[in-house]
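For the record, the sequence lines run as chains A and B.
The first sequence stops at residue 135 when you use numbering that gives the first Met the number 0, and every number in between is there.
The second sequence stops at residue 110 when you use numbering that gives the first Met the number 0, and every number in between is there.
By construction, these hints were calculated from the structure, which means they are not laboratory data.
A portion of the hints provided could be inaccurate.
What the hints assert, rightly or not - Now the in silico label distances, taken between C-beta atoms and shown as ranges:
1. Lys9/B - Pro97/A: 21 to 29 Å
2. Gly92/B - Gly57/A: 28 to 36 Å
3. Glu54/A - Leu107/B: 46 to 54 Å
4. Gly122/A - Asn5/B: 53 to 61 Å
5. Gly6/B - Asn83/A: 47 to 55 Å
6. Asn5/B - Thr66/A: 43 to 51 Å
All C-beta atoms in this analysis are idealised placements derived from N, C-alpha and C, irrespective of residue type, glycine included.
Chain residues, written in single-letter form:
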Amino acid sequence: MPQMRRRAGLEYLEELIAFVAGHAETAGFPPSRIREIELAAEEALVNVFKYAYPETGGDVVVNCGLTDEGRLQLEISDRGIPFNMLHVPDPDLTADIPERRIGGLGIFFIKKMTDEARYQRQGKTNNLTLIFDKRD
Amino acid sequence: MKITDNGKQKGFLVIGVEGRMDAVTTPEFEQTLGNRIDEGETRLIVDLSALEYISSAGLRGILTGVKKVNAKGGEMIFTGLRDAVREVFEISGFSTIIPTHESVEAALKKI
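Next comes chain B alone, as it looks inside the complex:
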């Protein structure tokens, strides 16, 4: 898994996640995201267009991040879900509670 900082757009910090979010790699995602939230970044776009795989451990990391941001009155949006990731979001019911958009550009148009 690789996490990239893609800069700010319309006041949202755009973070990219590449590779796999599994039981081994997700703690790094939680740590990195947690640090940014603690630094005051409470409006985030997490771009998953290069994420190939996610398991329940990955969903746990996403939920932890969303809860943390919500507690601070912020917002976290997810973009670019590939088929394998979208399937996991749908089966788990996450797609009904977590805001997702087709792409970062599409999300920014709605903001």
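Excised from the complex, chain A in its bound form:
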């Protein structure tokens, strides 16, 4: 599976997203679905950038490819603190403007946009696997 490894930092977000979107485009995913894939990928990557390495810096590794069934499989790995973002509770989506918070919304988007999402801690590595159907 094609891989891209970068330092975990916002300055690499656009490059990593373009890498993921490029695979979806080549595989013939419709533009609307590609936006959703980009959204899930951004939210997962930004989470790693913000929280995986609170003291030292570190790398993020993105693997992206197609499964035998033609689904897009995205794997995001880091060697930071153990964290299963899929266990974060959903945000309150009904709060009015003064009480509104954005925290948790990104992870909620990941859950909504993926057809399958899995987390595994393997040794010192966080592995997040996101699977996207074409939905066309």
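Given chain A, work out where chain B should sit, using these hints.
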């Protein structure tokens, strides 16, 4: 992301946002909008008809702007949401708390 100043209509400052509002670009939106609000612009129409993509970081920028304007007794309206942006507004519940209109023209008719 590109932010344009589209002048004033019916006392509302019309601002256009093009491209992508993500974790990288949204701070610029917050900065630009924040400056205009500090300068006394508290009635704004933010036209998103050329915005292709928005993430939770972009929503954070929008919420920050709306809270700031509301605190000054002003109003901020969003127009022209494309499908990808509308979807994010709907999933997040933003469409129920943030006023949106089909176009700048439609918003102005209601003002």
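Consistency of the hints with the structure:
1. Lys9/B - Pro97/A: 21 to 29 Å: Once the Cβ atoms are compared, 27 Å apart, the range 21 to 29 Å for Pro97/A and Lys9/B holds.
2. Gly92/B - Gly57/A: 28 to 36 Å: For Gly92/B and Gly57/A the Cβ distance comes to about 34 Å; the hint holds.
3. Glu54/A - Leu107/B: 46 to 54 Å: Holds, since Glu54/A and Leu107/B (Cβ atoms, about 52 Å apart) stay within the stated range.
4. Gly122/A - Asn5/B: 53 to 61 Å: This hint holds: roughly 54 Å between Cβ atoms.
5. Gly6/B - Asn83/A: 47 to 55 Å: With a Cβ separation near 49 Å, Gly6/B and Asn83/A satisfy 47 to 55 Å, so the hint holds.
6. Asn5/B - Thr66/A: 43 to 51 Å: Given about 46 Å between the Cβ atoms, the range holds.
Hint violations for this structure: none, all hints satisfied.
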